[in-house]
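K.L.:
Those protein sequences? They're chains A, B and C, same order as listed.
The first sequence begins at 1 in this note's numbering and counts up by one.
The second sequence begins at 1 in this note's numbering and counts up by one.
The third sequence begins at 1 in this note's numbering and counts up by one.
Heads up, some of the hints might be wrong.
Unchecked claim - Lysine to any residue pairs mimicking SDA-like chemistry, simulated, CA-CA at most 20 angstroms apart:
#1 A:K285 to A:E20
#2 B:K246 to B:K640
#3 B:K19 to A:A26
#4 A:K17 to B:N455
#5 B:K487 to B:Q546
#6 B:K19 to A:T24
#7 A:K28 to C:S133
#8 B:K19 to A:F19
#9 A:K14 to B:H456
#10 A:K183 to B:D449
#11 B:K246 to B:A270
#12 B:K110 to C:F228
#13 B:K548 to B:E527
#14 C:K7 to A:R129
#15 B:K68 to B:K110
#16 B:K120 to C:F228
#17 B:K385 to B:R439
#18 B:K322 to B:I282
#19 A:K285 to B:P454
#20 B:K21 to B:K68
#21 C:K7 to A:V127
#22 A:K183 to B:A531
#23 B:K61 to C:L122
#24 A:K28 to C:D129
#25 A:K183 to B:L411
#26 B:K88 to C:K225
#27 B:K61 to C:D211
#28 C:K126 to B:L411
#29 A:K23 to B:S17
Simulated from the structure, these hints should not be mistaken for laboratory data.
One-letter residues, chain by chain:
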Amino acid sequence: MESNLIIKDKQKNKLEKAFEILKTMASKPSGLIGLTIVLFHVVLALISPYIAPYDYKAISPNTMLLAPSAEHWFGTDSLGRDVFTRTILGGRTALTVTFFGSLIALLWGGLLGIFCGLVGGKIDDVVMRVVDAFLSIPWILAMLLIVSLLGTSTEVLIPALGFFYGKGIVRVARAATHDVIAKDFIVSARARGHSNMSIIWNEIIPNVRDAILVEGAMRWSWMLLGFSSLSFLGFGVSPPTPDWGLMISNARGLMSFAYWSVIAPIVGLSSLIIGINLTADAFAKALGIDRSTKAPV
Amino acid sequence: MNEIIESVKNLSIGFNSQKGKQISILRNVSTNIKKGETVGIVGESGSGKSTLALAMMGYIKQGLFPLKGECLFKSEDLLKMSSRQLEKIRGRKIAMIPQNAGQALTPNLKIGYQIDEALKLHTDLNKRERDKKISELLNKVRLPSPETMAFRYPHELSGGQQQRVAVAMALAGKPDLLLLDEPTTGLDVTTQAHVLELLRFIAKDTGTSMIYVSHDLGAIAQVSDRIVVMYAGEIVLEGPARKILKEPIHPYTYGLLKSIPKLSLSGLPASMPGSQPQPGSINEGCSFYDRCNLATDNCKKNSPDLEHIKELDTNVRCFNYKELINQNNNLQTSITKKSNNGEGNEILKLKDVSISYAKQKFFDQLLNKISDQNPTVKDINIDIKKGETIALVGESGSGKSTILKSIAGLLKTKDGQIKFENDRILSSNLKMRNPNDLRAIQLIFQNPDESLNPNHTVEQILSQPLKLYFNLSGEELKKNIIDLLKKVRLGEFYMSRYPRQLSGGEKQRVAVARAFAAKPDIILCDEVTSALDVSVQAAVLNLLQQLKEDLGTTYVFVSHDLAVVRAISDRVAVLYQGRLCEIGPSQNVYKFPSHPYTEVLLGAVLEPDPDIKPKLVAEDIVEEKPPEKGCSFQGRCPRKIGDICNSEVPPWQIGENGNAIRCHINIEELASLQQ
Amino acid sequence: MLLLILKRIGLGLITLFIVSLITFVGVEVLPGDACTTYLEREAYGAALDACIKRLGLDVPAYERYLDWASNVVRGDFGYSLSGEMPINEVLGPRVKNSLVLASVSILIGIPLAIVLGIITALWRDKLPDIMISTITIFSMTIPEFISATLLILIVAIWLGWLPGIVIIPSDATFYELLSNIILPVVAISMIMTAHMARMVRSSVIQVMASDYVQMAILKGVPYWKMVFRHVLPNALLPAINVVALTIAWLLGGVVVTEVVFNYPGLGRLVIESISNRDLPVVQALAIILASIYVGINLIADLMTLMLNPRLKSLQIRK
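The shape of chain A in the complex, shown without the other chains (with noise of 0.2 angstroms):
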């Protein structure tokens, strides 16, 4: 009875400390307007398959390539699609594929940094070693050649996207666990004789958190800039699934005179990258983290 009050207590004080981040992220204009713009894009992608008004591959040729107007808002495509309805649905690729792919970075390549970081050492070269190696392949040769051989499903993206991104956290959070294993704090509980899981999960792991959470926040916006330049080189997903870089690919070439088709999706995925990145940003700046001066590796 006692403890599960202390674990409620626990638990209202974790989200009483969310608000409290939440809170200060929007206390600043560009926090605030990131926060309303992948709100507003996180929503659109919950509900737009209830509200998109026609069907987004239906094909009609007596609707191509028609300005926009109050049937058509942002007009159709050069197979009379309504872009209106494949705009809207286009953020739920992009959102659902980059969202778990970050999660997949997140996870490897926090695990991966931490434990290069407590081993140290012979072991922790070897592995940076060969961390570098790989990301000295540049992504879109390796994303491409993977994209290629596997094919375009969501299965295969998502894992090798998060592949990719997760390089990256390897080093954010080996730096993280370097600087906090110097701590007196974790001295102190080596001499106590904890055993090496405990000080991890206890002590280390919450010091290195916030960390790693920017990073990942950082990755996604970075992530969605990959995904979508594949989708645009036709390595994405396949058509006719609506996604944001193969509609700009598409019209690309018409838009000397269908201008509409190409900057619906433009102002959709420009929106929610700059709105995931200035979330990021926000997100450091109240965890008191300067990400400016790290490198987008």
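Following the hints, complete the assembly by docking chains B and C onto the known chain A.
P.N.:
Frame of chain A; chains B and C shown alone:
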């Protein structure tokens, strides 16, 4: 002599809080600096003393801004000047000697360039004359080989040398006023005394006025003609140095002086309750109200003005100062402690302990041995009795913390044994020790900011040892935590606080509570008070003593501060370069005869008394490694007798006072030399 | 010092070795080999046998790796599958074109980034900072293919000032190239400059808050002299490495930009060879791009070594 150089009038400086409130960290400060005079500004961290000093150069830190008042330098307001005008004054009329010269010298520029820059800006000398002047200046601050010194980078110098370079740089523009912001803080005891001596010499030699800002009344006492005492952004007491130090008539200054441990007193210093209020938290009444034992209802409601008392030539901010006049006899007292004169059984024995930081070579690694012939710490033999407080004392690099770590099992010993209770050998590998031995030996660290996990509440911090060693949970755990908090005089409501919500003293109390949670036999204290303010330090020392008397714990107390060690310890071991120099009951170690190194250390201690001047008997050179042969102190020893010191390790000699000294000079001869 | 340099070079070579292993093993473990991948549905009978023979797929993997690696060390990447010509001949002009594009972007980007970074740091939270920082956030986050597309739409289509697509043969001369690369250079350097400017900004801000800058001010050093002598050398030094990492990372952006502008460089070759499933060319590209990455980082390391007084004095003492 009476010409006023700079005068501060009603200065308030503050910042805007996140909630948009204006919070002042300097409130209504007024003072005058006369020509040729050295003024000491003293206060604990957060008292606003550095902000005041910087404002006197027309510099306000980013985020702060002046709320009202002025800083008049030769009747011109520095705070209203353009940056162009200020450039003409800074370095030329008023120069600064910073706290940490190591960080205040630009890393990519050579020493010579940085001094030359000041000369170029503030004198009309040509290149040849400037070069000559640079070596003159380097000579004046007594740096070795000034010719080559100019071509070195800041990071190639030792801390004391860097500080001397900063002095030379400040002198380059021949300023009328020198501002010194904690210029000796962070330096070793002997280096500190040397730098202070240099500053005093310069003040006399050049007739420059000086403002000396420090938290250390000992340093202030050595240099100041007049002292200004700051508390919570206000001047609370101001007057001639001797008057302030000998007959303080403000309760804060009185308490502060009483809380400083002194070499001449063997007991613990009296402590002041509480800590300095945060900026912005004082709404009405005297800022010292809740720590003051003279406080009345009047003090709670009204804040006193700075009152001038003609007969004492002193300004004081207190309604009840009269009660403190003629109370000065009480200053030289201390709380007597129950000392342990070695009746107990031996609980911990260090036998021939050596520790090496050298990296193992490949073959040695294979054979699992360390072949370093000249280890960092060597031949340590100390027997520690149950219930006593033994102090390890020495400057940085003396190996005192290293020994502590190896007792805790955090560092492997190269040779020798650590024996615990009934001569049972403790493994030097932490993982090989049994849980009960781990419980029996606990550590308290220097800086509670680093030793407490910032993501844990006080409850979580204290529950860790309780869960680990005693498997407590639920109601029982909570009860134990509350008990522990009570032991270190913290209320129950501290349980839900995070370390960042506590003051420095409170954090250290939590660290003490965590160590005691294990019900340990031995507590290893690593410079536990050096990160704390003086008034807080006294409180922590008293707490440690009280707990020890109640629970019979044994302390191994590491410190660089001889006065603190004098106050708390029963026995003292003096270390130099990882070798023992002297060991004995503390009242005897502080008496002659002493090992020459102990003599040097004792001579360099700065007492808050203008009549006790430090004696400088040895150079403050830094040695990077202990010598391979002979006496460890051979390089700096003022009493060195010849080749024997370089070639043979000196024997132990036991004096009639009971302290053992490791020296080639006969102990009776040493005694007569030192009288 | 020399030892330190050799060590860095050695580490770079080790990295390249691991990259070659990764690409080789990567291609090995993925389903199908170079021939079945390339021939797809025609992968049977004589065609397959011929292909296997030509690529030497009938010998064990490690032998092939050694063979391939030793040829690569000698600068020979073997034959491409699609063009059936030496990869070196395919690569040559492409490498040149991409180098022109990348180096022009870097030459414009780095100085611009330093200037912008310094301006934003010195006028921190004032109008110039707010304006420039807002622009950098935008240009940093918007993908190259969007900025490139917008550039074409606005500059080439609506305004008609510059050609929208690069229509030159892959062996065009340097001058022919220059007139065509304005828009691609803008697209690439926008994102790169923004990233680097942000890093320079925060580095300068950090140094400006240091004790030694405060000391320089209190010494009476005039503002700009302080900025140039005391701030910049110390602020830019740590930025070198980070800038190098950024440049290397942005090589990916070059690929996309080349595709948008139809520019005959390495980037488009990446897409072409992958679309054609021409694995030998892909392997060659991986090694080349990784070498560029390692090279840039090596240069940055060496620059830091040369400029850092701490390391310089190390050399004197030894």
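K.L.:
Now tell me if each hint is right for this structure.
P.N.:
Cross-check of the supplied hints:
1. A:K285 to A:E20: The hint holds at about 13 angstroms.
2. B:K246 to B:K640: violated, 38 angstroms
3. B:K19 to A:A26: holds, 15 angstroms
4. A:K17 to B:N455: The hint holds at about 12 angstroms.
5. B:K487 to B:Q546: The hint holds at about 10 angstroms.
6. B:K19 to A:T24: holds, 12 angstroms
7. A:K28 to C:S133: The given pair, whose Cα atoms are some 15 angstroms apart, holds under the 20 angstroms limit.
8. B:K19 to A:F19: holds, 18 angstroms
9. A:K14 to B:H456: Holds: K14 (chain A) and H456 (chain B) sit about 12 angstroms apart, inside 20 angstroms.
10. A:K183 to B:D449: holds, 9 angstroms
11. B:K246 to B:A270: Holds - the C-alpha atoms of A270 (chain B) and K246 (chain B) are around 17 angstroms apart, at most 20 angstroms.
12. B:K110 to C:F228: Holds, at roughly 15 angstroms.
13. B:K548 to B:E527: With Cα atoms ~17 angstroms apart, K548 (chain B) and E527 (chain B) stay inside 20 angstroms; holds.
14. C:K7 to A:R129: It holds: about 14 angstroms lies between the C-alpha atoms, which stays within 20 angstroms.
15. B:K68 to B:K110: Roughly 40 angstroms between the alpha carbons, so the hint for K68 (chain B) and K110 (chain B) is violated.
16. B:K120 to C:F228: holds, 16 angstroms
17. B:K385 to B:R439: holds, 18 angstroms
18. B:K322 to B:I282: With a Cα-Cα distance of about 25 angstroms, the restraint between K322 (chain B) and I282 (chain B) is violated, given a limit of 20 angstroms.
19. A:K285 to B:P454: Holds: K285 (chain A) and P454 (chain B) sit about 18 angstroms apart, inside 20 angstroms.
20. B:K21 to B:K68: Holds - the C-alpha atoms of K68 (chain B) and K21 (chain B) are around 16 angstroms apart, at most 20 angstroms.
21. C:K7 to A:V127: Since the Cα atoms of K7 (chain C) and V127 (chain A) sit roughly 18 angstroms apart, the hinted pair holds (cutoff 20 angstroms).
22. A:K183 to B:A531: Holds. K183 (chain A) to A531 (chain B) sits at ~16 angstroms (cutoff 20 angstroms).
23. B:K61 to C:L122: holds, 15 angstroms
24. A:K28 to C:D129: Cα-Cα ~16 angstroms, so holds.
25. A:K183 to B:L411: This hinted pair holds, its Cα atoms lying about 16 angstroms apart.
26. B:K88 to C:K225: With Cα atoms ~14 angstroms apart, K88 (chain B) and K225 (chain C) stay inside 20 angstroms; holds.
27. B:K61 to C:D211: holds, 11 angstroms
28. C:K126 to B:L411: violated, 52 angstroms
29. A:K23 to B:S17: Measuring from Cα to Cα gives roughly 17 angstroms; hence the hint holds.
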